[in-house]
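First to last, the protein sequences are chains A and B.
Numbered according to my numbering, the first sequence spans residues 1 to 319.
Numbered according to my numbering, the second sequence spans residues 1 to 474.
Some hints here could point you the wrong way.
Within a straight-line C-alpha distance of at most 20 Å, the following computed DMTMM-like cross-link-like pairs (lysine to aspartate or glutamate) qualify [said to hold, decoys possible]:
hint, chain 1, residue 1, chain 2, residue 2
1, B, K226, A, E112
2, A, K173, A, D209
3, B, K25, A, E103
4, B, K25, A, E108
5, A, K173, B, E283
6, B, K226, B, E80
7, B, K25, B, E237
8, B, K226, A, E107
9, B, K21, A, D209
10, B, K226, A, D184
Facing chain A, from chain B, some residues (calculated, C-beta under 10 Å) [what the hints assert, rightly or not]:
hint, residue
11, A94
12, E237
13, W307
14, F323
15, R447
Read the hints as simulated data drawn from the structure, not as lab findings.
Every residue gets a Cβ at the ideal spot worked out from N, C-alpha and C, and that includes glycine.
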Amino acid sequence: MLLRALAAAVRAVAAILTLGDIVRQERPGPASREAAPAPPAPDARASALVAGALLVSIAATIAFGAAYALGAQTQLLAGTSGVSLAALAVAFIVWGQRLLQQEQITEERAPEPSPEEARRGAEEALARGEREISRRGALGWLLAGALGSLGIAALFPVRSLGPGPDRLLFHTKWRAGAPLVGIDGKPIRAADLLIGSVATVFPEGYVGDPSSQALLIRVEPGLLELPPAQLAGAPQGFVAYSKICTHAGCPVGLYRARTHELVCPCHQSTFDVLAGARPVFGPATRPLPQLPLRLGADGRLRALGDFTEPVGPGFWGMP
Amino acid sequence: MIGHLVLWLDDRLGAASFLRKAMRKAFPDHWAFMLGEVALYSYLALLGSGIYLTFFYTASGDHIVYHGTYRPLDGVPMSEAYASILRISFDVPAGLLIRQFHHWAALVFAAAISVHLLRIFFTGAFRRPREINWLIGVTLLLLAMAIGFTGYSLPDDLLSGTGLRIAYSILLSIPVVGTWSAFLLFGGVYPGADILRRFLILHIFLLQALIAALIGVHLFLIWHQKHTQFRGPGRTERNVVGSPLWPNYTMKSIGLALVIFSVLALLGGLAQINPVWLYGPYEAWQASSPAQPDWYLGWAEGALRLWPAWEIRLFGRLVANPFFPSVLFPVVFFLVLYLWPWIERWITGDARPHHLLDRARDCPWRSAVGAWAVAFGIALTLAGSNDVIANLLGVPVEIVTVYFRVMLGIAPILAAVLTYFVCHGLQERDRQPERRRIRAIVRVNARGGYEEETLPTPDSPAPEPGGGESGTGS
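Bound-form chain B, shown alone (with noise of 0.2 Å):
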């Protein structure tokens, strides 16, 4: 049967050389290398759950007056958005489900393309001859996070509807072009004529079909120059080492997606999220406090608190204040994330192609930098939620806020130091195999009780006398 299909496509396509050498492609194994297959196949997820959704979802801003299941809400009135968004929950057979499902799906998704994307920065993965799958990942970020932030938008809830203001807003402040670009993204001053509808679009096609392709190059690529791989016996800078694809590596993969997927599911209908009914629909004049973006978003939400009451004029025209925090800022940091594979080249002069990984401790300065990152972006994170944390430790909000601008500037140069020299240390180690050395042989001995064999160490050159009874048997 599978023999007739090959035969068959053969014929047609000439497949069969290129299938006998990809069924026995080598794929290295480690459980860092399954970062990015969990970020594909939250994306998968995504992809069913989203198509799903479309079939129930009403991009309208038009108001209507709401006589539906959710009895609290009855007699208000709400965008149409916001009352297919309660249909889709209560009255659609699983559509909670699936609804909490592609909502937990774009958090692991998010999550996985950032902890994917800090394994290939720590291991130098993005060294020549991969910066394209570098500059392709960083793009996947981005549009991860204006993927999330589209979809975050639609129900035209109250929290949402804020996050949709605060980013009118942000594109406002840029100079020059900031009106217009607003103006035209929503379609008039804000809240604009149809902005649901646009951003429905943006984010099931645009933003999605943009996405699809990117990581078909990515993959493409991962295929074509084949996958890094860590060092050890075997293997080389001119080899690859690992499972063939079929079937070991094909049968893990699929088991790894069904674990994602299950996960998922049981997040789905176990752990609410985003339970928009209860922040109500959006108002212009309402807001709810606390009020926090999606997690992959809290760096953006932190910046804006924590920028102090600070703006410029230039030529007499303003540069408003949330220009700083959230263009400039982002601007530059996935600037200097993009161009990183040049900047390392640049610093270190090392241009060679290289496909054995770096452990983050081979490279302490670059583990450093990216320590200063990940400090920074959970300190922004965390300052995202000030008044939360001021909530609960009974503490002003003001105090909370200039204890984070503070921290902000502190917490990411010492978490670089620590790295650094935990680094120094662990190579140091790496060089002193003595310190591993096998110390003493514990063995069972014929009555079950056990004999300690103490071997010599360069620190005590005189051995103790061995063979010294601890335990008992029965």
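One chain only, chain A, in its complex shape (with noise of 0.2 Å):
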């Protein structure tokens, strides 16, 4: 359905384009074959239209030269420079569908084989020069062997390209006691949060690291539904998550404070913020990695760690 409004739209703008010439033509004429092409007849009309045609290309390339030149709009400019464009198209297909002598020729085609005696021939040429080659057997093993080590050694500088991913994709710049920042780079204390809000925190002195981005929200205390252990990193109702999604490591920006739910705008992945970000909906698969917490006696809130797994997205080597 779509494609035949696709096709009568591509068609109606041919057959605009050409006034109709392309689509008529489709339509089998009687005379296909090489006919004596008609005199063409001359074409006051059609000669007028390209003369206007090009007459208004060469105004609209002053323009837009002059609005070039005194710094005009982009508007302007797109304006002024498609018109012209335009123009000289009007021209050249007019030109070519009225003013020039319309003929169809017939051209016949060779078929694809070559004929039997010249394939004959090839293989023949082929396999004297192979022959020749493979008569010095172990020689030419030898030339296969040092072209393939060879290019397989070729290929070592493609190693340069980058770190082995060995540990990279395990750690992140959180420490035991850094101090958690804003993305202002300012350290974060518990005053500063107040229930269902939510902040973006890095490790002291990492503001703006990709891996090492967090979440930090705050709920109340009670309605966390943790184990122990990740309940002991999470004081008082600040609980840290990974902003990298676990599905395709968009950060994880929406929070929907009612439902306690983060969404990942990019796949809409949806995380359990009270049980431990575990996914609720969408694609990913994954809990978004905690960040254990401790909450300090001057009101500073620190890491008691790395975060409990690697963060982001899913790889080959994932425990």
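Dock the two chains into a complex; use the hints.
Pasting the structure below:
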């Protein structure tokens, strides 16, 4: 249906562009053989149209030059250059369709396969060279070995394009005792964050570090349904999770305070903050790793250590 | 003058006999044969505008603080790349026009290739002897998506940076080689050392050179094998009927090129696209919502969104979720697409060369397969905007997602079945010429009124008395 509509639209545009000639030619005409073209009828209207179009094009080109020189708006530059090109297009198309003699020519196709003799000749020429080379059996194998190993060696520099993944995917900049700071680099104090609010946090000294970004959320302490070990890292309802979606790595930026859900804006993976950021909707399969926290006597929040799991999307070596 | 040039060339190259034949080469006329040309000319538009843009673009992720013409971002830290895009957009005369022209041309390029591919598919133009050009064409579609994505990532704005992050995660999910390939491409753990420089080289050199080379081979093969044609009087498997290359076809083709350039210029200046200054510079801890890629990657985005929360462990290792919708599915899909000429030959047993095209109705089952794929692609693309649709309809995004998961199974099958029967219906109509017969002739009479003469039809053997007058003169 859509295709047909598209076809109709393209056909309509083509019909307008070519004054219907292309569309008409598609219908089999009576004389499609190499018929002698009719002598071109003098077409005064078409000539006038071409002349007019060319004049419009020249005028629009001059206007474009003037607009550019005067530092005009983008819209004016586009309008003038667009009209100039469009008028030129009209001139070409009308010229081609109305002022040139229209003729349909017929070309014969040669069959694709060459004559049998040529095919056999080609085969023989190839085979002869191959025989010459393979006669030196061992030398031929050596040559293949030399070329092959050179080819493999040429791939070695690819290794220099980056470090190996080794442990880089397992660790972030969070260390035991690292103070939480906000995007502005200022330390996060417990008193700064009201219940129901959320902040993007980094370890002190690493503001903006892509792997270490975390979300600090404050909920009613009694609401958290975490196993005791995890609950210990969420003092007084302050709970922090990696901000990197475990699906495709987007920052999980949306927080639905009413339902305590974090939503990834990219693919709508939804995580239940109260239940250890367990995924409840969307393509994500793994919870957001938790960042264990402690609340110091000075009212500042600090990390108890790195995230409990590797952060971000899954990979082959992920435990 | 031209005569002298021909003689000069012929003295050195012996080009005269080639030229004589070439100028009189026949190109069949049909609107659908222009689709490939649209792709070609939008490619030229991309090349010209792209070269211009490289003179101003800085491929650097180093951060600076912006103090430029665009006041709303004054004092904001951003990469040099993003700042150079702001400069192109606000300070370089005609820079915004050419940048937007380039972006629109990329969208048209991908669209033209896609529709061209559909034309080739539905008309059976991929059949022997044109399998090589089919392989090249499918490769060009993949390259168009890749070069589009690398170009789209260069401004280092919030939207494209998020796309880059997703691409990294998809690479990461590939079994065995995933982590290594992600680290080698990005130069380390995301966001990597100098991904922008690497993407620039991929965008303006590597992918671009591949596309240029393949377009060259594609055109050479069309030239060598001669164009296909639809059936018609005087048209056979052994000939090709059409306009001569010079001057008729050339004039028409230049006209088409100018139409495309004109449309792109008007779009480039009048229809805003990718206003990166509104998205802001990329920061790894920020994301914008809603976020959609350019249209030609909408299917990939939709696949990621619809794939359920499912992944497997293999030999104690993880095959992560994005692998299935974003690696396995496209690999299988494009493998089938690549192999289609052979798959069809295996099904039909028809290994003969074909120079006359099918109409879509001539091969209903092939058209049904094509309709299935088109509907599947459209459904995936729409699903890539499930959040936008949810917003528009005021429905929770979860419901929209589940709806699309169901429709992805149903809609393509409906489209295929419908197409199959419509094709058969059209064939049936072709076989019954009497249904197209003229049933009545209306004439203007001397007084300026109208006369109708009803002709006998098989349905009504007894002709009504004709000559009833309707309408009046003044």
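Hint-by-hint comparison with the structure:
no., hint, verdict
1, K226(B) <-> E112(A), "holds, 11 Å"
2, K173(A) <-> D209(A), "holds, 8 Å"
3, K25(B) <-> E103(A), "holds, 12 Å"
4, K25(B) <-> E108(A), "holds, 10 Å"
5, K173(A) <-> E283(B), "holds, 17 Å"
6, K226(B) <-> E80(B), "violated, 49 Å"
7, K25(B) <-> E237(B), "holds, 17 Å"
8, K226(B) <-> E107(A), "holds, 9 Å"
9, K21(B) <-> D209(A), "violated, 65 Å"
10, K226(B) <-> D184(A), "violated, 66 Å"
11, A94, "holds, 6 Å"
12, E237, "holds, 8 Å"
13, W307, "holds, 5 Å"
14, F323, "holds, 9 Å"
15, R447, "violated, 32 Å"
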